[in-house]
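The listed protein sequences correspond, in order, to chains A and B. For what it's worth, UniProt numbering labels the leading residue of the first sequence as 1, then goes sequentially. For what it's worth, UniProt numbering labels the leading residue of the second sequence as 1, then goes sequentially.
A couple of the hints might just be wrong.
To be verified - So, partial list: chain B residues that the calculated Cβ filter (under 10 Å) puts toward chain A:
| # | residue |
| --- | --- |
| 1 | Ile-137 |
| 2 | Ser-143 |
| 3 | Gly-179 |
| 4 | Gln-254 |
| 5 | Ala-258 |
To be verified - With a cut-off of at most 25 Å between alpha-carbon atoms, the simulated DMTMM-like pairs for lysine to aspartate or glutamate come out as follows:
| # | chain 1 | residue 1 | chain 2 | residue 2 |
| --- | --- | --- | --- | --- |
| 6 | B | Lys-110 | B | Asp-29 |
| 7 | B | Lys-110 | A | Glu-94 |
| 8 | A | Lys-328 | B | Asp-29 |
| 9 | B | Lys-222 | A | Glu-105 |
| 10 | A | Lys-225 | A | Asp-208 |
| 11 | B | Lys-216 | A | Asp-102 |
| 12 | A | Lys-195 | A | Glu-308 |
| 13 | A | Lys-62 | A | Glu-33 |
| 14 | B | Lys-110 | A | Asp-102 |
| 15 | B | Lys-110 | A | Glu-105 |
| 16 | B | Lys-110 | A | Glu-87 |
| 17 | A | Lys-265 | A | Glu-222 |
| 18 | A | Lys-195 | A | Asp-266 |
| 19 | A | Lys-114 | A | Asp-74 |
| 20 | B | Lys-222 | A | Asp-74 |
| 21 | B | Lys-216 | A | Glu-94 |
| 22 | A | Lys-195 | A | Glu-333 |
| 23 | B | Lys-110 | A | Asp-104 |
| 24 | B | Lys-216 | A | Asp-104 |
| 25 | B | Lys-110 | A | Glu-131 |
| 26 | B | Lys-110 | B | Asp-48 |
| 27 | A | Lys-195 | A | Glu-87 |
| 28 | B | Lys-216 | A | Glu-131 |
| 29 | A | Lys-195 | A | Glu-59 |
| 30 | A | Lys-163 | A | Glu-87 |
| 31 | B | Lys-216 | B | Asp-186 |
| 32 | A | Lys-50 | A | Asp-74 |
| 33 | B | Lys-216 | A | Glu-105 |
| 34 | A | Lys-195 | A | Glu-329 |
Unchecked claim - Calculated Cβ distances over 10 Å to all of chain A for the following chain B residues:
| # | residue |
| --- | --- |
| 35 | Gly-44 |
| 36 | Ala-74 |
| 37 | Glu-97 |
| 38 | Asp-103 |
| 39 | Thr-223 |
| 40 | Asp-267 |
Derived from the structure by calculation, the hints contain no laboratory data. Note that the structure is predicted; figures quoted are calculated from it, not measured. Think of the CB as a built atom: it goes at the ideal place given N, C-alpha and C, for glycine as much as any other residue.
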Amino acid sequence: MRLLEYEAKRLLATSGIAVPNSQLLHTPDELPEVFPAVIKAQVLTGRRNKFGGIQLVREQGKLAEAVRSVFVADIDGYTATSVLAEELLDIDREFYLNVSVDRDEQAIVLMAHKDGGVDIESQPLDAFFREVADDTTETQALRLAEYLGLESQEFALGELIGKIVGCMRTQDALLCEINPLVLTRSGILVAADCKMELDNAASFRHPDWDFYDKPTSANFVELDKQGVVATIANGAGLAMATVDAVSAAGYSPTNFLDIGGGASKDTVLAAFHELMTYPLLDAIVINIFAGITRCDEVARAILAAREEIANLPQLYIRLDGTNVDQAKEILAESQLPLYPSLGEAVAAIGAHNV
Amino acid sequence: MSSVFAPKSVIVQGITGSHGSFHARAMRDYGTNVVAGTSPNKAGESVDSIPVYRTVRDIQAEHEVDATVIFVPASAARGAIFEAIDAHIPLIVCITEGIPVHDMLAVRQKLSTSNCVLVGPNSPGIAMPGQSKLGIIPSHILSPGRIGVVSRSGTLTYEAVSDLTRAGLGQASVLGIGGDSIKGLDFVDCLAQFEADERVDAVVLIGEIGGQSENKAAEYIKTSASKPVVAYIAGHAAPAGVQLGHAGAILGTQSESAVYKSQQLRDAGVTVVDSVTDIAPAIQTRLGVTT
Chain A
1 MRLLEYEAKR
11 LLATSGIAVP
21 NSQLLHTPDE
31 LPEVFPAVIK
41 AQVLTGRRNK
51 FGGIQLVREQ
61 GKLAEAVRSV
71 FVADIDGYTA
81 TSVLAEELLD
91 IDREFYLNVS
101 VDRDEQAIVL
111 MAHKDGGVDI
121 ESQPLDAFFR
131 EVADDTTETQ
141 ALRLAEYLGL
151 ESQEFALGEL
161 IGKIVGCMRT
171 QDALLCEINP
181 LVLTRSGILV
191 AADCKMELDN
201 AASFRHPDWD
211 FYDKPTSANF
221 VELDKQGVVA
231 TIANGAGLAM
241 ATVDAVSAAG
251 YSPTNFLDIG
261 GGASKDTVLA
271 AFHELMTYPL
281 LDAIVINIFA
291 GITRCDEVAR
301 AILAAREEIA
311 NLPQLYIRLD
321 GTNVDQAKEI
331 LAESQLPLYP
341 SLGEAVAAIG
351 AHNV
Chain B
1 MSSVFAPKSV
11 IVQGITGSHG
21 SFHARAMRDY
31 GTNVVAGTSP
41 NKAGESVDSI
51 PVYRTVRDIQ
61 AEHEVDATVI
71 FVPASAARGA
81 IFEAIDAHIP
91 LIVCITEGIP
101 VHDMLAVRQK
111 LSTSNCVLVG
121 PNSPGIAMPG
131 QSKLGIIPSH
141 ILSPGRIGVV
151 SRSGTLTYEA
161 VSDLTRAGLG
171 QASVLGIGGD
181 SIKGLDFVDC
191 LAQFEADERV
201 DAVVLIGEIG
211 GQSENKAAEY
221 IKTSASKPVV
231 AYIAGHAAPA
241 GVQLGHAGAI
251 LGTQSESAVY
261 KSQQLRDAGV
271 TVVDSVTDIA
281 PAIQTRLGVT
291 T
């Protein structure tokens, strides 16, 4: 789950990390008290500056107009529902700081760059400071301070790393990118912007999580609204392989759908209903290899779907695994053909002239 | 194969849950010696005559334990794995999916100072066909033989193993390493096991988009593997930046794509197939088996 900038900064502030004074505006007519100010659209995309989503205001008379223009700006397809007015920082230098869970290191990795700012992606990878984050020793802070040319701030940098890593653990964050990290002329390190991503899997222990970008199911991903072949499979790998097979056969798959391990009749039935929103849908490939899922549950869902959904497209079903014999019995009277393999199920679509 | 993958006595953590009890029976029916299970509130009961204890330590007071299979809910999984590590169980297989990433980082840290091997989480488990299975791999698809199978995806494991069995290609070991981004055993560990295992003639590797594990496997195969390898990488049709299903399958940089990984493996001498259904025929070709 991605957080809006102001949401991420609230979490940083809770962990004792300095952020600019700010005010959140909910309507274009609000006039912020913060002045002079930077007015920032709260949208879940980068490059706001390039689309008029960030305005610097140094004249009181231009404040209202800036707020309005940021609210209406089309930012790469996004429009802000809230806008952040922040105090202007007295900037001495800007840096880039990125703390993230790294799958290849199997650890939290700290990255930094001497030059913060919007074009960080275009910097060569070997120009970055990159180490497994160590929030327990001061030698990393020393190395980072030397790299950034910030020797006078070694202690503050060490504290900052410790607080960010602590914040990520407490909040179950996967990514915390601070760009820019500002050193003010009075010598304070301030997170001027922050991108944060939280781990949806940890939501069970965060009843307080109530963010703009509510977790959506990673199990259903739309691929092509105009596609004609939908897919239902269990397990991410098999679901991907099913999409690959449909695509390789020359059709545009509408979706990726993993009904998950241990899916029940209701889960599968809900999947059918979700697929019925595709206007050109002409075929549904169902590919189940049940381990923890049980084929008989899936079979019951298929029968229920045929009963409940009037214009259900042609089904191409391949079932195997746990309780497959019971499933075959359940489906026997339905006259629905079962294909012995994914390949044969997909090949059959052509035979029916989609 | 080192004996750690063919344990003599196995326990099930979370044995009274619906998955735990169902698969404890299935494992035992397959020939695995399931000696006991845990359930914090149901000590003293039994699941089909398998005794239930409160903790792993309580089991160890009465039984030898050399492997555990974990079926507890995600919210309790870190605690269950910690419990197994603290009890020095040599092989820990974690079936649970949806464990928070920071919990797994803590597990990795604890593992690094232990002698335990962790398979998973979000793994279908491992099987030594004809001998034993730990986890949820359907028994009827397994057949004993000389192929080593390693996979990041549970269901694709079933798909491939089922095809191998129907093609008359039995398996020496089937290792499902799980699809999460932070996990225990990885491809290279398993490939090294297969390389050292005299019972293995050829290897099937099933990967997917996300991360560098397949690229590291290609490196390893290039330098250290002598046995033929057939691979399939799922997710050719995956869009960038979108998480597909479980926590590990997300296409970030170009080197995490199915196309790139397939090419790295080809360059390492691996036969890479475009569909999971082509694995068994490709193994036959590599082994010179005629159908």
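Hint-by-hint comparison with the structure:
{"no.": "1", "hint": "Ile-137", "verdict": "holds (6 Å)"}
{"no.": "2", "hint": "Ser-143", "verdict": "violated (15 Å)"}
{"no.": "3", "hint": "Gly-179", "verdict": "holds (6 Å)"}
{"no.": "4", "hint": "Gln-254", "verdict": "violated (13 Å)"}
{"no.": "5", "hint": "Ala-258", "verdict": "holds (8 Å)"}
{"no.": "6", "hint": "B:Lys-110 x B:Asp-29", "verdict": "violated (33 Å)"}
{"no.": "7", "hint": "B:Lys-110 x A:Glu-94", "verdict": "violated (37 Å)"}
{"no.": "8", "hint": "A:Lys-328 x B:Asp-29", "verdict": "holds (23 Å)"}
{"no.": "9", "hint": "B:Lys-222 x A:Glu-105", "verdict": "holds (22 Å)"}
{"no.": "10", "hint": "A:Lys-225 x A:Asp-208", "verdict": "violated (34 Å)"}
{"no.": "11", "hint": "B:Lys-216 x A:Asp-102", "verdict": "holds (15 Å)"}
{"no.": "12", "hint": "A:Lys-195 x A:Glu-308", "verdict": "violated (44 Å)"}
{"no.": "13", "hint": "A:Lys-62 x A:Glu-33", "verdict": "holds (13 Å)"}
{"no.": "14", "hint": "B:Lys-110 x A:Asp-102", "verdict": "holds (18 Å)"}
{"no.": "15", "hint": "B:Lys-110 x A:Glu-105", "verdict": "holds (15 Å)"}
{"no.": "16", "hint": "B:Lys-110 x A:Glu-87", "verdict": "violated (44 Å)"}
{"no.": "17", "hint": "A:Lys-265 x A:Glu-222", "verdict": "holds (22 Å)"}
{"no.": "18", "hint": "A:Lys-195 x A:Asp-266", "verdict": "violated (37 Å)"}
{"no.": "19", "hint": "A:Lys-114 x A:Asp-74", "verdict": "violated (31 Å)"}
{"no.": "20", "hint": "B:Lys-222 x A:Asp-74", "verdict": "violated (50 Å)"}
{"no.": "21", "hint": "B:Lys-216 x A:Glu-94", "verdict": "violated (36 Å)"}
{"no.": "22", "hint": "A:Lys-195 x A:Glu-333", "verdict": "violated (55 Å)"}
{"no.": "23", "hint": "B:Lys-110 x A:Asp-104", "verdict": "holds (18 Å)"}
{"no.": "24", "hint": "B:Lys-216 x A:Asp-104", "verdict": "holds (10 Å)"}
{"no.": "25", "hint": "B:Lys-110 x A:Glu-131", "verdict": "holds (20 Å)"}
{"no.": "26", "hint": "B:Lys-110 x B:Asp-48", "verdict": "violated (34 Å)"}
{"no.": "27", "hint": "A:Lys-195 x A:Glu-87", "verdict": "holds (19 Å)"}
{"no.": "28", "hint": "B:Lys-216 x A:Glu-131", "verdict": "holds (20 Å)"}
{"no.": "29", "hint": "A:Lys-195 x A:Glu-59", "verdict": "violated (29 Å)"}
{"no.": "30", "hint": "A:Lys-163 x A:Glu-87", "verdict": "holds (23 Å)"}
{"no.": "31", "hint": "B:Lys-216 x B:Asp-186", "verdict": "holds (10 Å)"}
{"no.": "32", "hint": "A:Lys-50 x A:Asp-74", "verdict": "holds (10 Å)"}
{"no.": "33", "hint": "B:Lys-216 x A:Glu-105", "verdict": "holds (12 Å)"}
{"no.": "34", "hint": "A:Lys-195 x A:Glu-329", "verdict": "violated (53 Å)"}
{"no.": "35", "hint": "Gly-44", "verdict": "holds (27 Å)"}
{"no.": "36", "hint": "Ala-74", "verdict": "violated (7 Å)"}
{"no.": "37", "hint": "Glu-97", "verdict": "violated (6 Å)"}
{"no.": "38", "hint": "Asp-103", "verdict": "violated (8 Å)"}
{"no.": "39", "hint": "Thr-223", "verdict": "holds (19 Å)"}
{"no.": "40", "hint": "Asp-267", "verdict": "holds (20 Å)"}
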